[in-house]
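Residues per chain, in single letters:
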Amino acid sequence: MTTGEVLILASLGAPLAAAGSALIFARMRDVRDTVTVVAALALTCICAALLVVTALGRPPEMRLAEPIPGLAIFFRLEPLGALFAAMASALYLLNSLYSIGYMRARREPRQGRFYACFGLAMCAVSGVAMAGNLFTAFLFYELLTFATYPLVTHKGDETSRRAGRLYVLLLGGSAAALLLPAVATIQAMVGSTEFVTGGLLAGRMDALPAGVLLIMVVFGTAKAALMPLHAWLPGAMAAPTPVSAFLHAVAVVKTGVFLILKCAAGIFGPEIIATSPAAQGLLWVAAATILVASATALTRDDLKERLAWSTVSQLSYIISGALIAVGAGVVGGGLHMLTHAFGKITMFMCVGAIYLATGVTRVSSVSGLARRMPLVFAAFLVGSLSVIGLPPFGGMWSKFLLITAAFGAEQPVTAAAMILSSLLSAACFLPIVISGFLGEPGEAALRSGPVRAPFLAVLPPVVTAAGCFGLFFIGDWVMTYLIPIAERAP
Amino acid sequence: MSPFAGAQFASPEVIQHAPALLIAAPLTAACVAALSPSARWAWFASLGGALVSLWMALCLAAEVARSGAVSYAVGGFAPPLGIELRLDDLSVFFCLLVSVMGVATSIASASLLRLELPERDHSLMQAGFMLAFTGLLGLTATGDAFNAFVFLEVSSIGTYALVAMGASQDRRALTAAFQYLVMGTIGATLFVIGVGLLYAVTGTLNMADMAERLAASSSDTAAIAGLALITVGLALKAAMFPLHAWLPGAYSAGPTMVVAFLAGTATKVSVYLLIRFLMDVAGGLESAGEGLLTWLIAPMAGIAAIVASVQAVFQTETRRILAYSSIAQIGYVLLGVTSGSVAGLTAALFLLFTHAMIKTVIFLSLGAIDHRGSRLETLAGAGREAPWTIAALALAILGLAGAPFTAGFLAKWRLLGALADDGRIWAVVAIAASSLTALVYCGRILETVLFRTRRPAGATISEASPAALAAIWFLAASSVWYGVDASALYDLARQAAASVMGASP
Amino acid sequence: MTLALVLTPYVYGLGFFMMAAGLLIALTSRHLIKRLIGLGVFQTSAGVFYILLSKVSGGTAAIRLEADSPAAEALASRLDAAYIAAHGVDGVVYSNPLPHVLILTAIVVGAATLAVGLAIIVRIRETYGTVDFEEISALEARALRDVREDEA
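Protein chains in written order, with my numbering: chain A, 862 to 1351; chain B, 35 to 539; chain C, 48 to 199.
No wet-lab data here; the hints were simulated from the structure. Some clues are possibly wrong.
Stated by the list, open to error - Just the calculated beta-carbon pair ranges, DEER-fashion:
1. A/V1051 x B/P37: 21 to 31 Å
2. A/A926 x B/E246: 51 to 61 Å
3. C/S104 x B/S105: 27 to 37 Å
4. B/I337 x C/V169: 34 to 44 Å
5. A/L870 x B/A58: 29 to 39 Å
6. C/A133 x B/W329: 34 to 44 Å
7. B/A259 x C/A114: 30 to 40 Å
8. C/S104 x B/V347: 38 to 48 Å
9. B/E246 x C/L74: 29 to 39 Å
C-beta: ideal position from N, C-alpha, C; glycine also.
Based on the sequences and whatever the hints tell you, model everything.
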């Protein structure tokens, strides 16, 4: 067994082991939480190693099993996948720490199941990130839906159950009704679903059927929350904040856009996308999603819901990147996946910390709160600046790259939507920070309760905020790293 | 490459008579069970009969893998005049299916019966069960068209009585059994008239012989009429839409053990007969077999996949949900059968086997926790009280929904791929729409058993007995295993499909 | 014989009439026993059909006859020699016995089905106090309504 194969197995096994031990030690909370953190730490190291190995030009690959002759569960890393796995594992580690702080402070029930599902979800994310063919990616994509359902319904009340139903129906349903037939069709017609540089279908399929398949893949991947299949994401905010932070800003949604990026680069290829009218239509849908979702975010008073709508909008940036038929689009999409994940998880964790300390969940009640928790609000500010796309934070590079790519590909509608939406984002988030720092102390700020946000709920957002800052300086390096995925067929 | 290639399960003398022993063993067990003094002895008899049949099925699978189709002249009268038992790759596939489900049901039967029926009825139940088992095995093994009718009725009569036995728990079992009897008998009679027409055309009842003579004759109206009658008769037995009305009643009111066995085997074997008659016997008559498949069965199957799934969503009783889901799944299978390619038929057979495992697990575990014709809500919170049983149930439901890493997923994958490859886009759309709906009712069941809390008034639910758990988990684990490495089952299905399609040029 | 020739198509017609009538009764009658009777008629029509199939024109029952026995000679006098040579066995034309045997089996199967059906009807009568299908449906509907009301 080569080093690469060991690393691949370990990156699937570590979170799985975390899940198993979380169930076994469900009632011994210290053991359980320690095991989760250790496993997350190990996973982060493994993924860092994978990142390095891939950067050295020796992408590891592995054939895990062959359920049916000719159809293999097959992994092969490439830069985008390695980056996604590394990002997800690092944020998984931080979020595990955050979860411990949050869940203990809230005295939430069923924490064993909670961490087990988290581990299983992380395993699924690793699987999608490393998948070497669409079949494998689909398997783990579906696993992710089922693994995260119990997390969405964690509270067990009617609201969260209803959200859970919508969640499974939209995510699982679109996958079963659109993505699965598309993938099975590709397998049956081309005889393979492997991701190939320049596109598997390039030159092997006519534009019309390929366009239909593209539509099925993009809408079938409802985790990417393209309208009109976005309703699950605001609904899923019924879950505890660590779930919203990690899954619905990083793991689940990014898995969706990651899969679309991979398919655009490795299955359809730039030629098909450049010529297909389907891609043009999808670009308009994405542009509409960008605008409508950021406008809706403005109207929401609930903090988490506002963040969720903003996520819907930002995800469509990445989808647009995948569908702009120039290399910079895919690279910009990959980079945006990274920078937005850091920015949005920071904001979610801050919102959770505010809720823990003060019980405030609404935009209208944050007035003056920053005086009580300046560090959290500073982190929130950094996160929102990065999401808006202002220097000196990582989000600036990816937005810049995406907007130039859109202009370069003569897609002014997309570019205009992105620019306008950035302004809307600013209007959406900056008032929260301003009213937090400068506003008259409201009822919540004056009622100085004894509860302070636990240390473990404050540290992680500060670290990720620092990450947003750091990404500004390594953005160039990440771009260079990602360029191979945008190569055309040799 | 068959997974049984090179295997040897018994001495040559036993293998020589395996086709007869396959049927004789459960028939004997039925008599022994009927006469046995206690429930325990009846259980041993049924277990013994089922195990011997499984053993013989394995012997035959190995034999067929080694030397092609096995023929056995019953009573020493040589075919085509005498009755022939004939097992080729397709029959062996179904033989294995029936005997595996039979053994699993038999293992779990004792504890399931204890929950539902008074002790004195157990031996008769086991006898009826073995009788139905005999009939189904006979159906898969026989090479004679009229003999097939006899076995069809042997299994059906056993089943009618078994379903009616549910009356001590749910009186609706009586009307359901009566309905089933009327519809089943009509189906069987149509079948026998169809066989008569084919006999009038060909002058033979031996199916292999009949296939040759039909191929030699040009398209004959009487033969087509015969095939049409056979199709309708079997469609009734297979609960093909729109002739499915008897099934939900029988599934929701019969004793659970019976329903588990029926759901796993009875409709499946009717599908086997359909494949046998339309694709093998009528294989030479292209216009007839293909016409019926393309213009009658395929559209009905497509409608079944969608309509039955939607109906399942609106049911309140657990077992009715599952009954409608079975009707939809028969639709999936028939869509695969009618695709006209080896890949499609392979996928259909693969789906049929995995679905049989899944449904047997579901009904056995529902029976083991004593959930009879009741509403889904009474299962709320069952996951906490009977974790092992419910875990198996949940795995099976996930398989039913087509979740990844279960055999149900691979089956659906193959089916969609084969249909798309044959250009049957409408069938792909039908299955896609149906799986979307399946997600709703599967999700409802899962949510209820796993994520709801028990209502205070509800009766407590206790874990299944060790024997029942063993049977349930054996099947549940296999269904997961076949989701990761399905090559053994897939090869069997592919060979079965190839043997049929090879016969029809 | 001439009579039989004239009637043959109508006898098939009779078979189909029985089939249709039996099916109609079995599917639509309110009275459960009548349904079973319809089922019996339907099954019998299959029997009639098989027997008609077996009839070989001018043939006799499939009981072995010596070629020089009076009965065989009487039979032979009604048929021409070429026909007997083409269809006969040892100088005698027999009808096909196989369908008779088959339908004997089918009759046994039918009897078993009727027995099970009647047994179920006895139990239905014990349970519901009626064998009228619509009355049973009404009873069931009322029971279902009661359950719903209890829950509400």
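Hint check:
At about 29 Å, the CB distance of A/V1051 to B/P37 agrees with the hint of 21 to 31 Å. Separated by about 44 Å at the C-beta atoms, A/A926 and B/E246 break the suggested range of 51 to 61 Å. A hinted range of 27 to 37 Å for the beta carbons of C/S104 and B/S105 is consistent with their spacing of about 35 Å. At about 38 Å, the beta-carbon gap between B/I337 and C/V169 stays in the expected band of 34 to 44 Å.
Between A/L870 and B/A58 the Cβ separation comes to about 51 Å, which falls outside the hinted range of 29 to 39 Å. For C/A133 and B/W329, the hinted distance range of 34 to 44 Å is satisfied, since their beta carbons lie about 40 Å from each other. Between B/A259 and C/A114 the Cβ separation comes to about 38 Å, which falls inside the hinted range of 30 to 40 Å. The hinted range of 38 to 48 Å is not satisfied by C/S104 and B/V347, whose Cβ atoms lie roughly 59 Å apart.
Taking the beta carbon of each, B/E246 and C/L74 are about 38 Å apart, inside 29 to 39 Å as hinted.
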